[in-house]
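Colleague: As a plain string of letters, each chain reads:
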Amino acid sequence: MNEKRMIEEEKHYEEVIAEESICINDNLVYEKPDTLLDTPMHYCPGCGHGVAHRLIAEAIDELDIQEDTIGVAPVGCSVFAYNYLNIDMSEAAHGRASAVATGIKRVLPEKYVFSYQGDGDLAAIGTGETLHTCNRGENILIVFINNGIYGMTGGQMAPTTLEGMKSTTTPFGRDVKIMGNPLKITELIAQLPGVYYCTRVAVNNPKNVRRAKKAILNGFQYQKREKGLSFVEIVSNCPSNWKMTPVESNKWMEENMFSFYPLGDLKVPEKEDE
Amino acid sequence: MKKELKLMKGNEAMAEAAIRAGADAYFGYPITPQSEVLEYLTNFAYQKTGMVILQAESEIAAINMIYGAAGAGKKVMTSSSSPGISLMQEGISYIACAELPCLLVNVVRGGPGLGTIQPSQGDYYQSVKGGGHGDYKMIVLAPSTVQEMVDYVKLGFDLAFKWRNPVMMLTDGALGQMMEKVELFEQLPRETVNGIEKWATIGKTKDRERNVITSLHIQPDKMEEINLHLQAKYKKIEEEEIRFEEFAMEDAEYMITAFGLVARICQKAAMLAREKGFKVGVFRPQTLFPFPYKQIDSYTKQIKGILDVEMNAGQMVEDIRLAVNGKVPVEFHGRMGGVVPSPEEILEKIEEKFVGVPA
Numbered sequence: 001m002n003e004k005r006m007i008e009e010e011k012h013y014e015e016v017i018a019e020e021s022i023c024i025n026d027n028l029v030y031e032k033p034d035t036l037l038d039t040p041m042h043y044c045p046g047c048g049h050g051v052a053h054r055l056i057a058e059a060i061d062e063l064d065i066q067e068d069t070i071g072v073a074p075v076g077c078s079v080f081a082y083n084y085l086n087i088d089m090s091e092a093a094h095g096r097a098s099a100v101a102t103g104i105k106r107v108l109p110e111k112y113v114f115s116y117q118g119d120g121d122l123a124a125i126g127t128g129e130t131l132h133t134c135n136r137g138e139n140i141l142i143v144f145i146n147n148g149i150y151g152m153t154g155g156q157m158a159p160t161t162l163e164g165m166k167s168t169t170t171p172f173g174r175d176v177k178i179m180g181n182p183l184k185i186t187e188l189i190a191q192l193p194g195v196y197y198c199t200r201v202a203v204n205n206p207k208n209v210r211r212a213k214k215a216i217l218n219g220f221q222y223q224k225r226e227k228g229l230s231f232v233e234i235v236s237n238c239p240s241n242w243k244m245t246p247v248e249s250n251k252w253m254e255e256n257m258f259s260f261y262p263l264g265d266l267k268v269p270e271k272e273d274e
Numbered sequence: 001m002k003k004e005l006k007l008m009k010g011n012e013a014m015a016e017a018a019i020r021a022g023a024d025a026y027f028g029y030p031i032t033p034q035s036e037v038l039e040y041l042t043n044f045a046y047q048k049t050g051m052v053i054l055q056a057e058s059e060i061a062a063i064n065m066i067y068g069a070a071g072a073g074k075k076v077m078t079s080s081s082s083p084g085i086s087l088m089q090e091g092i093s094y095i096a097c098a099e100l101p102c103l104l105v106n107v108v109r110g111g112p113g114l115g116t117i118q119p120s121q122g123d124y125y126q127s128v129k130g131g132g133h134g135d136y137k138m139i140v141l142a143p144s145t146v147q148e149m150v151d152y153v154k155l156g157f158d159l160a161f162k163w164r165n166p167v168m169m170l171t172d173g174a175l176g177q178m179m180e181k182v183e184l185f186e187q188l189p190r191e192t193v194n195g196i197e198k199w200a201t202i203g204k205t206k207d208r209e210r211n212v213i214t215s216l217h218i219q220p221d222k223m224e225e226i227n228l229h230l231q232a233k234y235k236k237i238e239e240e241e242i243r244f245e246e247f248a249m250e251d252a253e254y255m256i257t258a259f260g261l262v263a264r265i266c267q268k269a270a271m272l273a274r275e276k277g278f279k280v281g282v283f284r285p286q287t288l289f290p291f292p293y294k295q296i297d298s299y300t301k302q303i304k305g306i307l308d309v310e311m312n313a314g315q316m317v318e319d320i321r322l323a324v325n326g327k328v329p330v331e332f333h334g335r336m337g338g339v340v341p342s343p344e345e346i347l348e349k350i351e352e353k354f355v356g357v358p359a
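One line per chain: the protein sequences are A and B, in this order. Here the first sequence is numbered in the numbering used here, starting from 1 and rising by one per residue. Here the second sequence is numbered in the numbering used here, starting from 1 and rising by one per residue.
Since the hints were made in silico from the structure, they are not lab data. All of these numbers come straight from a predicted model, not from anything done at the bench. Do not rely on the hints blindly, as some may be mistaken.
Claimed, not checked - From the structure, some residues in chain B lie toward chain A, with a derived Cβ separation under 10 angstroms:
#: 1; residue: Asp24
#: 2; residue: Pro30
#: 3; residue: Ile66
#: 4; residue: Lys204
Even glycine gets a Cβ: it sits at the ideal position worked out from N, Cα and C.
Produce the complete structure using the sequences and hints provided.
Modeller: Laid out in structure tokens, this is it:
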């Protein structure tokens, strides 16, 4: 990264911080969560996966549930998620993470179980398992990373690729007449009675990072209270396959992804339920 | 529940055996001719032992639930019939590589395609030779009676945990549907198998490293190491777990080889043949992997020929030929599409193939 770009990036975040005043005067020392391992992450610079992993680790630490949590990693960029989290984890076949999580939770109902899945895994090949797991109201947390592209296989179209967005399999932009429209699976899932909590967050700036962490914490807490399924979509970026710098990709995400995938809660518990 | 004698349908007896074996969970999807397994379990299992029963949305989901629950070290089981088992193949390959113990049952129906709901043995290759991708083996048990369907549930779980390997019970639509007298074993407690905390995903305690259930080893050296480990395990299984049954083989001059239900029909055919003066015996492999190659070969000095009978186009016959390696002639008779051969037609084949063969 050249110097000019670094300065630009710093300036961007200074603006964001100033504008959204997330600085809480709590003098926290920034430490690595216990649940996060020292393994160097394989993610590309600027990718949202690293932050999302850290938030899960922080949430597990804060709730002190490291010994009682079992995670399920998908196939996709986060296929190695189990290398970074210091908890028992299971790898799943492509698309089947929520079925694997169901299997674990049904035989270990007292444990915390979450799956971590990308858009191809959750909303294309695994749509059936996702919808039925949500519909059964399995008492688990699903963390869904939506970056609108297949990262691991090198930038092919995802079910969530935006109209007109270029990928290696939509070189002229996604033509919805041929490829169908991007799938708002989170909106579908929010309709299901088994789903207790459904929200869409992002990790593009400090304020949103805090919100995303709150959402993950909520998911684990609702699970403890046996409320049913919690679904947290994290709209994320993919600098490498979007062919942008990290800063450009964040801006592009804010300008294009957020208008189609608006951030915010889609389903929250009733007041008396809280 | 103590030992008891009952008249039961194969599928229901197998389901009752799963409860009595202390199984923790069953995940499955309805398909003829084995839907009674899920029906029986949903009626009785939870009430009797607290066993978890879940009707999945597909066989693909079911096998992946099995993967998750087996990874948590529990005694888990699924059953299906041929097209459903085909859907499970990816998951079975993952389970084999991740070395997860579980019991899978295929109540085989006639194929290929949607085929028929009538009995068949057309899934021998799929069960014994692979089915899913990569070099892996399941232990394959082939019952020939409803009693064996019951006993192999218990044996299947024991072998699965002994070897940390998926076990497949390969039965068929006739055995699943027919009623026979069975002796049910006593209710075993649902207890966590000793030692599973070493590998299962049950929550990482402070005194151990985290457990990861995976079949992904991206470095070629590591993946080869995993493969070599699996192959060494399969070799040990071949040394220790071969099971077979012989019928009238002491003085036999001709041998019929058959597995599962067909072997019983072949026993009747052998008796009819003996009435006519032909000394015919039956050799029935009970384990299809590991396969009793040496035991079959040991008869080549005694017998003049082998007739292999199957309800398929000739699948196990390839292993019979490998076993005898050309030392005696191996003939084949098969019926397909759900047709069950009769003792009389097998006798006819024995006469057709072997009468007149010089001593």
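Colleague: Would you mind marking each hint as holding or not holding in the structure?
Modeller: A quick look at each hint next to the structure:
Annotation: interface hint on Asp24(B) holds; nearest CB of chain A at approximately 6 angstroms, less than 10 angstroms. Checking Pro30(B) against chain A: minimum C-beta separation of about 15 angstroms lies over 10 angstroms; hint violated. With a least beta-carbon distance of about 6 angstroms to chain A, the hint placing Ile66(B) at the interface is held under the 10 angstroms criterion. Interface restraint check for Lys204(B): the shortest CB-CB distance to chain A comes to about 5 angstroms, inside 10 angstroms, so the restraint holds.
Consistency note: the structure conflicts with earlier hint 2 alone.
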